[in-house]
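Trainee: Assemble the whole structure, with the sequences as input and the hints as a guide.
Each protein sequence line maps, in turn, to chains A and P. The first sequence begins at 1 in the numbering used here and counts up by one. The second sequence begins at 1 in the numbering used here and counts up by one.
It cannot be assumed that every hint is accurate.
[Unchecked claim] BS3-like cross-link-like pairs, simulated, lysine-lysine; straight-line CA separation at most 30 Å:
id, chain 1, residue 1, chain 2, residue 2
1, A, 285, A, 493
2, A, 103, A, 16
3, A, 54, A, 103
4, A, 430, A, 493
5, A, 432, P, 66
6, P, 66, A, 493
7, P, 80, A, 432
8, A, 16, A, 54
9, A, 103, A, 285
10, A, 103, A, 249
11, A, 430, P, 66
12, A, 103, A, 293
13, A, 430, P, 80
14, A, 493, A, 293
15, A, 249, A, 285
[Claimed, not checked] Covered stretches of chain A (chain P as the covering partner; in silico rule of three or more C-beta atoms under 8 Å from a C-beta of chain P):
id, segment
16, 174 to 183
17, 186 to 194
18, 403 to 416
19, 422 to 428
No wet-lab data here; the hints were simulated from the structure. Ideal placement from N, C-alpha and C gives every residue a C-beta, glycine not left out.
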Amino acid sequence: MDVLGGLMHGFAVALKPVNLLWCFVGCFFGTIVGILPGLGPAATIALLLPLTFKMDPAGGIIMLAGIYYGAKYGGSTTSILLNIPGESSSVVTCIDGHQMARKGRAGPALGIAAIASFVAGTFGIVALTLLAPPVANFALQFSSPEYFALMCLGLALVVLLSGQSLVKGLLSLLVGLWLTSVGTDLFTAQARFIFNESALLGGIDFVVVAIGVFAIAEVLASIDAGEKAHMLPVPRGLRNLLPSWDELKACRFAFINGSITGFIIGILPGAGATISSFIAYGIEKAFSRHPEKFGEGAPEGVAAPEGANNADSGGALVPLLTLGIPGGGTTAIMLSALVLWGVRPGPLLMTESPDVFWGLVASMYIGNVVLLVLNLPLVPVFAQLLRLPVYTLFPMILGIAIVGAYGVSGRLFDVALLIGFGLLGYVMVKLKYPTAPLILGFVLGDAMERALRQSLMMSQGNLATLVERPISAIMLLMAVVILVLPLFSRFNKARTQAVAEGG
Amino acid sequence: LTRDVLRNGDVISGAVLAALGAYILFEASGYSFRSEDGPGPGFFPTWYGVLMIALSLALMISAAVKGGPSARYDWPAIGKAIGTWLAFAASAALMGWIGFLVSFALLTFFVITVIFRQSPLRAAIVAVCASAGFYIVFPLALGVNLPTGVLGF
Numbered sequence: 001m002d003v004l005g006g007l008m009h010g011f012a013v014a015l016k017p018v019n020l021l022w023c024f025v026g027c028f029f030g031t032i033v034g035i036l037p038g039l040g041p042a043a044t045i046a047l048l049l050p051l052t053f054k055m056d057p058a059g060g061i062i063m064l065a066g067i068y069y070g071a072k073y074g075g076s077t078t079s080i081l082l083n084i085p086g087e088s089s090s091v092v093t094c095i096d097g098h099q100m101a102r103k104g105r106a107g108p109a110l111g112i113a114a115i116a117s118f119v120a121g122t123f124g125i126v127a128l129t130l131l132a133p134p135v136a137n138f139a140l141q142f143s144s145p146e147y148f149a150l151m152c153l154g155l156a157l158v159v160l161l162s163g164q165s166l167v168k169g170l171l172s173l174l175v176g177l178w179l180t181s182v183g184t185d186l187f188t189a190q191a192r193f194i195f196n197e198s199a200l201l202g203g204i205d206f207v208v209v210a211i212g213v214f215a216i217a218e219v220l221a222s223i224d225a226g227e228k229a230h231m232l233p234v235p236r237g238l239r240n241l242l243p244s245w246d247e248l249k250a251c252r253f254a255f256i257n258g259s260i261t262g263f264i265i266g267i268l269p270g271a272g273a274t275i276s277s278f279i280a281y282g283i284e285k286a287f288s289r290h291p292e293k294f295g296e297g298a299p300e301g302v303a304a305p306e307g308a309n310n311a312d313s314g315g316a317l318v319p320l321l322t323l324g325i326p327g328g329g330t331t332a333i334m335l336s337a338l339v340l341w342g343v344r345p346g347p348l349l350m351t352e353s354p355d356v357f358w359g360l361v362a363s364m365y366i367g368n369v370v371l372l373v374l375n376l377p378l379v380p381v382f383a384q385l386l387r388l389p390v391y392t393l394f395p396m397i398l399g400i401a402i403v404g405a406y407g408v409s410g411r412l413f414d415v416a417l418l419i420g421f422g423l424l425g426y427v428m429v430k431l432k433y434p435t436a437p438l439i440l441g442f443v444l445g446d447a448m449e450r451a452l453r454q455s456l457m458m459s460q461g462n463l464a465t466l467v468e469r470p471i472s473a474i475m476l477l478m479a480v481v482i483l484v485l486p487l488f489s490r491f492n493k494a495r496t497q498a499v500a501e502g503g
Numbered sequence: 001l002t003r004d005v006l007r008n009g010d011v012i013s014g015a016v017l018a019a020l021g022a023y024i025l026f027e028a029s030g031y032s033f034r035s036e037d038g039p040g041p042g043f044f045p046t047w048y049g050v051l052m053i054a055l056s057l058a059l060m061i062s063a064a065v066k067g068g069p070s071a072r073y074d075w076p077a078i079g080k081a082i083g084t085w086l087a088f089a090a091s092a093a094l095m096g097w098i099g100f101l102v103s104f105a106l107l108t109f110f111v112i113t114v115i116f117r118q119s120p121l122r123a124a125i126v127a128v129c130a131s132a133g134f135y136i137v138f139p140l141a142l143g144v145n146l147p148t149g150v151l152g153f
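Mentor: The structure is reproduced here in structure tokens:
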């Protein structure tokens, strides 16, 4: 199926009334999640995952993706009005967005954020549409050794970009690999690491780990942080939300910059929306004719990062859908959702499940329009959410977490595991261990072990097979370089600086 | 110096992870490392177990060499978070006995009064409404089962 034919097929799927509804529901939830600080897309998708078990895969992924990219739209609202990022990807929007709001330009700041998100988000989807087919085609020649090498490369990048300390990132990853080995080995039926507990024979369910490490830990960390802030009034009426002609003109380079930077960074595993928004802001400031205006409420300081974090969504879906390699926590949860529905992401996804692949891509074009409507004229309505006292929100999240974990198997044992993983996630946050590598290790661990063992079976136990095949050799070499380079201090200084700004 | 080192979060978490790595190696040694068909179930765990021990020792050594005070923590704030976690754990433990709806209402009441210092009346109203809301959304509207207790709800 060529791109145009595929896209036509996708729109036929996405425009079915039921899928349109799921797209709207996803974008709606995404906007709410984006606006509420202390509740992120990864946690929300993990919480909602048990409810989607019985859904049709196309409808399910359309909704989950809506939450994923919708949250990035909504995050800017909180940044601008409260000077607290609604999502980590909107941290940098606080700088100029809140300054604009303090100068009475809150409306245009919200408007620019929505317009930049729409322009760059759509660019990201167009780029995804065009780039995914050739990448999938190339990946068709991959066999077990290449997949093993590819996962090593992806995980190395995630570790590199996820936190200040590489060692802590790697340790977090190894714990994830260990947790995924708990249960029965698929090759030999050997029970591993089950602590004489028969309930663990089937392994630990992904939903339990993800809800614990993301949702529960996020609630505990928010209670600990106890953020209090004063909200600026939201202007009413569409006219007050539209930026002036001069402001739009100032942003034209920012729209392009955000689109391209966001998409390219998005493809890299581990980098994610936060880092792409920082880099786009940096580029914008470096090339500006009046860099002194940044930090004082420059409209392009809102447009560039908000554009970048939305173009990032399209980029992040390229490796997820064509290679089956997620680049971050949220996409890792989307990967396991697809696997739960019996859909295998990878180079064959486009031909084996065109409804899922093209349906999702087409729904994102629609979702971006939905989000523009939700975020431009309706933003004053959503901003009312910020008046909701936080103490009502946290018990709700805990309650939904229990329902989700219990729903996996109907055993209180899973709820007990959930409580353990919640504490683990919180301790990791306090001790500055990044949690994304753990989740990715957990999601990819099984596939990685299988790829390694299959490679060694093919070669009769000869490890050299991994470096004798050119593609896998190159990827493994890159993974080694990525993990060794930071040992040299000059490079590491640049890395920690980038991570600190992104963090 | 020794006391400072023992209080350092990196040293403590490194020690815990080194112990976990040792446990993984010990367990993995009981599974076959290699079989006629290729690597066995002990192969992959042995590798990551070795790596885990090496990395956690590196973390401990570098934290101990750097010395200095470990990060400052806001203990009262951490106490709030841990208090919430304990209440969460307790409500889950009670769930098999008094059911989800009651234990969830108790958890909500506790978090709002003790952690957020709101009036008991307000907390009671939120707790009852939240519990009723969960009952309407999950068992009634979505057909999702909730843990039930001896009272049958």
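Trainee: Look at each hint and say if it fits the structure.
Mentor: Hint check results:
1. The hinted pair formed by residue 285 of chain A and residue 493 of chain A meets the criterion: a straight-line CA distance of about 21 Å does not exceed 30 Å.
2. With a C-alpha separation of about 45 Å, the suggested pairing of residue 103 of chain A with residue 16 of chain A is violated against the 30 Å cut-off.
3. Between residue 54 of chain A and residue 103 of chain A the alpha-carbon distance is near 49 Å, which puts this suggested pair outside the 30 Å criterion.
4. About 23 Å separates the Cα atoms of residue 430 of chain A and residue 493 of chain A, which keeps this hinted pair within 30 Å; it holds.
5. Between the alpha carbons of residue 432 of chain A and residue 66 of chain P the distance comes to roughly 17 Å, so the proposed pair stays at or under 30 Å and holds.
6. For the given pair, residue 66 of chain P sits about 17 Å from residue 493 of chain A by alpha-carbon distance, which is consistent with the 30 Å threshold.
7. A distance of roughly 19 Å separates the Cα atoms of residue 80 of chain P and residue 432 of chain A; the hinted pair therefore holds under the 30 Å criterion.
8. Only pairs whose Cα atoms come within 30 Å are accepted, and residue 16 of chain A paired with residue 54 of chain A is accepted, the gap being roughly 18 Å.
9. For the proposed pair residue 103 of chain A and residue 285 of chain A, the alpha carbon gap of about 20 Å is at most 30 Å, so the pair holds.
10. Restraint check for residue 103 of chain A and residue 249 of chain A: the C-alpha separation of about 19 Å stays at or below 30 Å, so the hint holds.
11. A hinted pair counts as satisfied when its Cα atoms are at most 30 Å apart, and residue 430 of chain A with residue 66 of chain P qualifies at roughly 19 Å.
12. Pair hint residue 103 of chain A plus residue 293 of chain A holds up; C-alpha atoms about 13 Å apart against a cutoff of 30 Å.
13. A threshold of 30 Å between alpha carbons decides the hint, and for residue 430 of chain A with residue 80 of chain P the separation of about 14 Å falls inside it, so the pair holds.
14. The suggested pairing of residue 493 of chain A with residue 293 of chain A holds, with an alpha-carbon distance near 28 Å, which does not exceed 30 Å.
15. Between the alpha carbons of residue 249 of chain A and residue 285 of chain A the distance comes to roughly 16 Å, so the proposed pair stays at or under 30 Å and holds.
16. With a cut-off of 8 Å between beta carbons, the segment 174 to 183 of chain A has 5 residues touching chain P; three or more are needed, and the interface restraint holds.
17. Under the rule that three or more residues need a Cβ within less than 8 Å of chain P, the assignment of the segment 186 to 194 of chain A holds, with 5 such residues.
18. With 7 residues carrying a beta carbon less than 8 Å from a beta carbon of chain P, the segment 403 to 416 of chain A meets the three-residue requirement, and the given coverage holds.
19. Look at the segment 422 to 428 of chain A against chain P: 4 of its residues bring a Cβ nearer than 8 Å to a Cβ of that chain, three or more, so the hint holds.
Checked against the numbered hints above, the structure breaks hints 2 and 3 and satisfies the rest.
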